[in-house]
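Colleague: For reference, the chains in residue letters:
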Amino acid sequence: GENVEQHPSTLSVQEGDSAVIKCTYSDSASNYFPWYKQELGKGPQLIIDIRSNVGEKKDQRIAVTLNKTAKHFSLHITETQPEDSAVYFCAASRLNDMRFGAGTRLTVKP
Amino acid sequence: NAGVTQTPKFQVLKTGQSMTLQCAQDMNHNSMYWYRQDPGMGLRLIYYSASEGTTDKGEVPNGYNVSRLNKREFSLRLESAAPSQTSVYFCASSEFVLGNEKLFFGSGTQLSVL
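Protein chains in written order, with the working numbering: chain A, 1 to 110; chain B, 1 to 114.
The set of hints was computed from the structure by calculation and includes no laboratory data. Because the structure is a prediction, the values reported are computed rather than measured. A few of these clues could be false.
Straight-line distance between alpha carbons at most 27 Å, and here's what the computed DSSO-like set of lysine-lysine pairs gives [what the hints assert, rightly or not]:
no., chain 1, residue 1, chain 2, residue 2
1, A, Lys109, B, Lys57
2, A, Lys37, B, Lys14
3, B, Lys14, A, Lys68
4, A, Lys57, B, Lys9
5, A, Lys71, B, Lys102
6, B, Lys102, B, Lys71
7, A, Lys71, B, Lys14
8, A, Lys42, B, Lys14
9, A, Lys37, A, Lys68
10, B, Lys102, A, Lys58
11, A, Lys22, B, Lys9
12, A, Lys68, B, Lys102
13, B, Lys102, A, Lys37
Far from chain A, by Cβ distances over 10 Å, these chain B residues were calculated [stated by the list, open to error]:
no., residue
14, His29
15, Arg44
16, Ala50
17, Asn62
18, Asn100
19, Ser107
In silico negatives: residues of chain B with every beta carbon more than 10 Å from chain A [unchecked claim]:
no., residue
20, Leu43
21, Gly63
22, Leu69
23, Ser84
24, Gly108
Here a beta-carbon is modelled for each residue, glycine too, at the ideal position from N, C-alpha and C.
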């Protein structure tokens, strides 16, 4: 089955800096790559996703890039704010099979 | 809309005890899922139900059973709890079975098995 690796496991940045989280996947048939944000005591919530026919997608301060050849994708958060502090999960999916990365704990220091 | 509601939020069991985790969604979604979340391992799929009346094993099904009671409700049962089942459990739903679409998660059940 699919294997998703996520790095780093923890990330600390100053407010206003950018944060980048990277994921690699193993199954070339995967065609959907969502990112979820999990705040303390809550369930994960989708923040952005990208499909295999697109190389980049932006939504305000967050963006995701996908390199299908290298089988990796990344989450970019610009102008970080304290409310961005959370655990972020990447995932790779093909029909009937979605696998998650182990998560990245992002801390944004005021 | 409440979205996905899970009960209970916390539970402590002794080894060998049984319990059922309840999940309900009010979004008229066809598909529902149970995940477990362990430190350093992300979210792993236990069982899913693509539609009412069907259930399928996920990545880590051993020690669990599920019931899709109706379109709204999907329960997870531990028949004889083991310490290895200490985890945070999340129920999720989506309009169609796992694929290229958004999952809606509940707020989780923290389970400790002593």
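Colleague: Now look at each hint and say whether the structure bears it out.
Modeller: Now for the hints, and whether the structure bears them out:
1. Lys109/A x Lys57/B: violated (41 Å)
2. Lys37/A x Lys14/B: The given pair, whose Cα atoms are some 32 Å apart, is violated under the 27 Å limit.
3. Lys14/B x Lys68/A: violated (47 Å)
4. Lys57/A x Lys9/B: Outside the cut-off at roughly 35 Å; violated.
5. Lys71/A x Lys102/B: holds (21 Å)
6. Lys102/B x Lys71/B: Holds. Lys102/B to Lys71/B sits at ~18 Å (cutoff 27 Å).
7. Lys71/A x Lys14/B: violated (43 Å)
8. Lys42/A x Lys14/B: Holds, at roughly 25 Å.
9. Lys37/A x Lys68/A: holds (23 Å)
10. Lys102/B x Lys58/A: Holds, at about 17 Å.
11. Lys22/A x Lys9/B: Distance of about 32 Å is beyond 27 Å: violated.
12. Lys68/A x Lys102/B: Distance of about 21 Å is within 27 Å: holds.
13. Lys102/B x Lys37/A: Satisfied, since the Cα-Cα distance of roughly 13 Å is no more than 27 Å.
14. His29: holds (14 Å)
15. Arg44: violated (7 Å)
16. Ala50: Check fails; 8 Å does not lie beyond 10 Å.
17. Asn62: Asn62/B clear of chain A: closest Cβ-Cβ about 16 Å, beyond 10 Å.
18. Asn100: violated (4 Å)
19. Ser107: Since the minimum Cβ distance to chain A is about 5 Å, Ser107/B lies within 10 Å and the statement is violated.
20. Leu43: Label violated. Min Cβ-Cβ 4 Å, cutoff 10 Å.
21. Gly63: holds (19 Å)
22. Leu69: holds (21 Å)
23. Ser84: The claim stands: Ser84/B keeps its Cβ more than 10 Å from every Cβ of chain A (closest is about 18 Å).
24. Gly108: Given a closest Cβ separation of 6 Å, the condition is violated.
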